[in-house]
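Just so you know, the sequences run in chain order A and B.
According to this note's numbering, the first sequence is numbered sequentially starting from 1.
According to this note's numbering, the second sequence is numbered sequentially starting from 1.
Derived by calculation from the structure, the hints in this document are not laboratory data.
Everything numeric in this text was worked out from a predicted model, so none of it was measured.
Treat the hints with care, as some may be off.
Incomplete in silico selection of chain A near chain B, CB under 8 Å [claimed, not checked]:
{"#": "1", "residue": "Lys3"}
{"#": "2", "residue": "Asn4"}
{"#": "3", "residue": "Gly10"}
{"#": "4", "residue": "Val12"}
{"#": "5", "residue": "Val47"}
{"#": "6", "residue": "Phe77"}
{"#": "7", "residue": "His91"}
{"#": "8", "residue": "Thr93"}
{"#": "9", "residue": "Gln94"}
Here are some chain B residues the structure puts well away from chain A; computed CB gaps all over 10 Å [what the hints assert, rightly or not]:
{"#": "10", "residue": "Arg19"}
{"#": "11", "residue": "Pro22"}
{"#": "12", "residue": "Glu40"}
{"#": "13", "residue": "Phe56"}
Positions of the beta carbon are idealized from the N, C-alpha and C atoms, including for glycine.
Number of protein chains: 2
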Amino acid sequence: MAKNQTVLEGNVASRDTLRTTPGGVATLHLTLIHQSTQREANAEVAVEVEMNAVAFGELAVEMNGVKAGDSISIKGFLSRKNRFSPMPILHITQFKFS
Amino acid sequence: MAKNQTVLEGNVASRDTLRTTPGGVATLHLTLIHQSTQREANAEVAVEVEMNAVAFGELAVEMNGVKAGDSISIKGFLSRKNRFSPMPILHITQFKFS
Numbered sequence: 001m002a003k004n005q006t007v008l009e010g011n012v013a014s015r016d017t018l019r020t021t022p023g024g025v026a027t028l029h030l031t032l033i034h035q036s037t038q039r040e041a042n043a044e045v046a047v048e049v050e051m052n053a054v055a056f057g058e059l060a061v062e063m064n065g066v067k068a069g070d071s072i073s074i075k076g077f078l079s080r081k082n083r084f085s086p087m088p089i090l091h092i093t094q095f096k097f098s
Numbered sequence: 001m002a003k004n005q006t007v008l009e010g011n012v013a014s015r016d017t018l019r020t021t022p023g024g025v026a027t028l029h030l031t032l033i034h035q036s037t038q039r040e041a042n043a044e045v046a047v048e049v050e051m052n053a054v055a056f057g058e059l060a061v062e063m064n065g066v067k068a069g070d071s072i073s074i075k076g077f078l079s080r081k082n083r084f085s086p087m088p089i090l091h092i093t094q095f096k097f098s
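Please model the complete structure; the sequences and the hints are all you need to start from.
Okay, structure coming up:
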């Protein structure tokens, strides 16, 4: 199995309402803004990324308590947004407030 | 320090020539295609993502041996592409052939 794991901590910039797919699965989309300093090529670099993320099922319901501005840490895997868009989106498999 | 760590394994779809920034730092851009099956909301889902990645400095020089089609595993952090584009790109801090 090819590895695909991301841990990202940041502030919730925006969140969508809790939706349900046509198949009946709860879905929550949010955008996380991350800022940090990382070590790269022997230098400290300021890093910023705005990542689209999505949770499904029970986790989506559990994350319905998350508000814009909350600081959270999420763990998950990267996937293309959909058939039509190659934009990477982070699928959340675990989260906690941080 | 806010966490930002990704491990991604896949095949090199394309790679740029080894370049040098105006500041004299070696830079290597590549695109990694990852395919796997992940567990999400109690189901197995087929995942595909095409991720732009970049290495700087000694690591870029070391990765100059990487060819399109090679299977590699990379570790790094996500960052927006640049000031003008919010597209996430994976900055490589470690790599190995897999």
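Outcome of the hint check:
no. : hint  : result
1   : Lys3  : holds, 4 Å
2   : Asn4  : holds, 6 Å
3   : Gly10 : holds, 6 Å
4   : Val12 : violated, 13 Å
5   : Val47 : holds, 5 Å
6   : Phe77 : holds, 5 Å
7   : His91 : holds, 6 Å
8   : Thr93 : holds, 7 Å
9   : Gln94 : violated, 11 Å
10  : Arg19 : holds, 14 Å
11  : Pro22 : holds, 15 Å
12  : Glu40 : violated, 6 Å
13  : Phe56 : violated, 4 Å
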